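J.: Protein chains in written order, with the working numbering: chain A, 1 to 458; chain B, 1 to 195.
Calculated from the structure, these hints are not laboratory results. Since this is a predicted model, take the numbers as computed values, not measurements. You may find that some hints are simply not true.
What the hints assert, rightly or not - Here's a subset of chain B near chain A, in silico, CB distances under 7 Å, partners left out:
#	residue
1	A27
2	M174
3	L177
What the hints assert, rightly or not - List of simulated lysine-lysine pairs, DSS-like, C-alpha gap at most 25 Å:
#	chain 1	residue 1	chain 2	residue 2
4	A	K428	B	K192
5	B	K195	A	K254
6	A	K9	B	K31
7	B	K31	A	K254
8	A	K428	B	K195
9	A	K9	A	K57
10	A	K353	A	K9
11	A	K356	A	K57
12	A	K353	B	K192
13	B	K192	A	K9
What the hints assert, rightly or not - A short list of chain B residues far from chain A (calculated; beta carbon distances all over 10 Å):
#	residue
14	A16
15	D22
16	L30
17	T32
18	G75
19	F93
20	R148
21	P164
22	D175
23	L180
24	L183
Just so you know, even glycine gets a beta-carbon here, dropped at the ideal spot from N, CA and C.
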Amino acid sequence: MEPRTLFDKIWDSHVVAAEPGYPSVLYVDLHLIHEVTSPQAFQRIRNRGLGVRRPDKTVATMDHVVPTVNQRDPIADPATAEMVNQLEQNCREFGIRLFGIGSPCQGIIHVIAPELGLTQPGLTIVCGDSHTATHGAFGSLAFGIGTSEVEHVLATQCLLQNRPRTIQVRIEGRLLPGVAAKDIILTLIAAIGVGGATGHVIEYSGSAIRSRDIEERMTVCNMSIEAGARAGMIAPDDVTFQYLSGRPFAPSGKAWEAALNGWRQLQTDAGAELSRIVELDASVMEPMVTYGTDPGMGIPVTGLVPEADPRALAYMGLRAGQPIMGLPIQAVFIGSCTNSRLSDLRAAATIFKARKVHPGVRVLVVPGSQEVKAQAEREGLDRIFATAGVEWREPGCSMCIAMNGDELLPGQYCVSTSNRNFEGRQGKDARTLLASPLTAAASAVCGSVADPRRFLQS
Amino acid sequence: MEQFRILTSRLVPLPAANVDTDQIIPARFLKTTQRAGLGRHLMFDWRFDSSGRPRPEFILNQPHIAGARVFLVGGNFGCGSSREHAPWALADFGFRALISTSFADIFRNNCLKNGILPVVVEQAVHEALFRLVADNPSVEVTIDLTSRVVMLPAGEQAPFPIEPFARQCLLEGMDELGYLLTLADRITEYEKARK
């Protein structure tokens, strides 16, 4: 038997048909839906007189445009209300389970699917959102698709796909205190560039990956797309299985034992063919921050802005040679599918506890789901945030994509735990600096880009 | 989907590399439940200033590009989000083909599903095309999908890669869902075998 990668094993077991001269037809185990990329897909299947083939494998939520304040009030913006209404109607009409506004399970799609136990090893998972790569942290093959492909999956539960190649990223060494999973992925993208993994999936391995908990693994896999990768995957292990055990949609009883047996096979074999191997040393990594207008333009927080694309530097109002630390900021956003889970909020709380947000800095903390919010409140994190002067919000994509009114004013600098710092991403002419929750919280307290390590207990 | 066979057109040059889908269509324009009419939002923040006035120096605002259907763009074009609104905006604006040294994966797939042909050429050809259009903005190229070549004004031919099935869909104006639906029985067999 030829040695195969984790990716190969999942791909091969999901091919429905592979005719010569045609892309492979890949079966989709789990189709995740949100309100922005689905309306046109539902309209098209309705117009063609088609139904949804497997509503039982389809789950929807509302995240991109939902308000994060007074979320259950009637929606003021007509365009937002229309998108929300269409998803509600579509789910009702086609029999799709919807965790919408008002549901205790509502939240960012890539936060709720894992916490519900929907995301499992060995599955193919798709969604009309590029950060679907997040679910690869469980050893699934998960990738983003466009609205036409959403239509295809609704109608046939399948997709036509050309097989990508595999890059292995091996990360060894122990992360130092104050250095987070977010810093790992920002380091990688800085190293290989925003097109570095185009045409490939990334498999992450090594001791620095194995020692990450499941939420940290999700942070790493989430931003694989920012290096151009279709998907990012981490083979499942006891960390994965312990997380999944007992979750609402995870198998239980005999089915759990059977599932575990299958999941334990989901490893990359020695000698499997890889397109490229990238090796990184976690022990030399530092807290990172981006200075430019793509996620690859990152430096250690102690670093100097390098010579870079003049357009990017002009947009960001920065000069080559200037230290990034100490740059005054006007806002901090802790949230997004990258970093809005309980461990992210706990990390931020360790810095906000008994401290105050710097005057003049607006800080939004947006939990990734109703479940995360409830748990954070049980632990008193919301009180820590409130005392510090942080705005504690309701779940949604919020200021990551700025479609719901949570946005920056032109020219404002924001240290953000989200995943994209493109021009205009968080508001027209807004200036995003991507970082970990620790770095973001430290910066909020200092009023400028700050090194979280100065806040560590000695 | 409109058929694509042979296209002769002037070029609209945009050399910037890594133009992401937030630039192609900002998120605030995604609050639509339609596919049509997005051309007016194409590259909105590069085309218009904060007061909504067209920036005269930006290529998409220059009168001479009217009728040009080929967008000559920088490497890694379309990186970022999976939003299919990006090719919808490009198509609605009038583009039928893009030429670059590379395209982001999801964006490239989305283009093919909307009758837009993403053409990858070698760096030398890419640079030559930018020089040609700088010297003469009315220069034309011919993109021949049947033989998979770009024909340059002086007669050189640059071949470009495209998967056979994607090419067939464009040549015939066929959408993939039609093919997938013919496989319904195979899908059922697969589902039964998995149980």
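J.: Compare the structure with each hint and give your call.
T.: Structure-based check of each hint:
no.: 1; hint: A27; verdict: 5 Å, holds
no.: 2; hint: M174; verdict: 12 Å, violated
no.: 3; hint: L177; verdict: 5 Å, holds
no.: 4; hint: K428(A) to K192(B); verdict: 51 Å, violated
no.: 5; hint: K195(B) to K254(A); verdict: 15 Å, holds
no.: 6; hint: K9(A) to K31(B); verdict: 38 Å, violated
no.: 7; hint: K31(B) to K254(A); verdict: 45 Å, violated
no.: 8; hint: K428(A) to K195(B); verdict: 50 Å, violated
no.: 9; hint: K9(A) to K57(A); verdict: 21 Å, holds
no.: 10; hint: K353(A) to K9(A); verdict: 46 Å, violated
no.: 11; hint: K356(A) to K57(A); verdict: 45 Å, violated
no.: 12; hint: K353(A) to K192(B); verdict: 55 Å, violated
no.: 13; hint: K192(B) to K9(A); verdict: 20 Å, holds
no.: 14; hint: A16; verdict: 7 Å, violated
no.: 15; hint: D22; verdict: 4 Å, violated
no.: 16; hint: L30; verdict: 6 Å, violated
no.: 17; hint: T32; verdict: 7 Å, violated
no.: 18; hint: G75; verdict: 7 Å, violated
no.: 19; hint: F93; verdict: 18 Å, holds
no.: 20; hint: R148; verdict: 15 Å, holds
no.: 21; hint: P164; verdict: 5 Å, violated
no.: 22; hint: D175; verdict: 8 Å, violated
no.: 23; hint: L180; verdict: 5 Å, violated
no.: 24; hint: L183; verdict: 6 Å, violated
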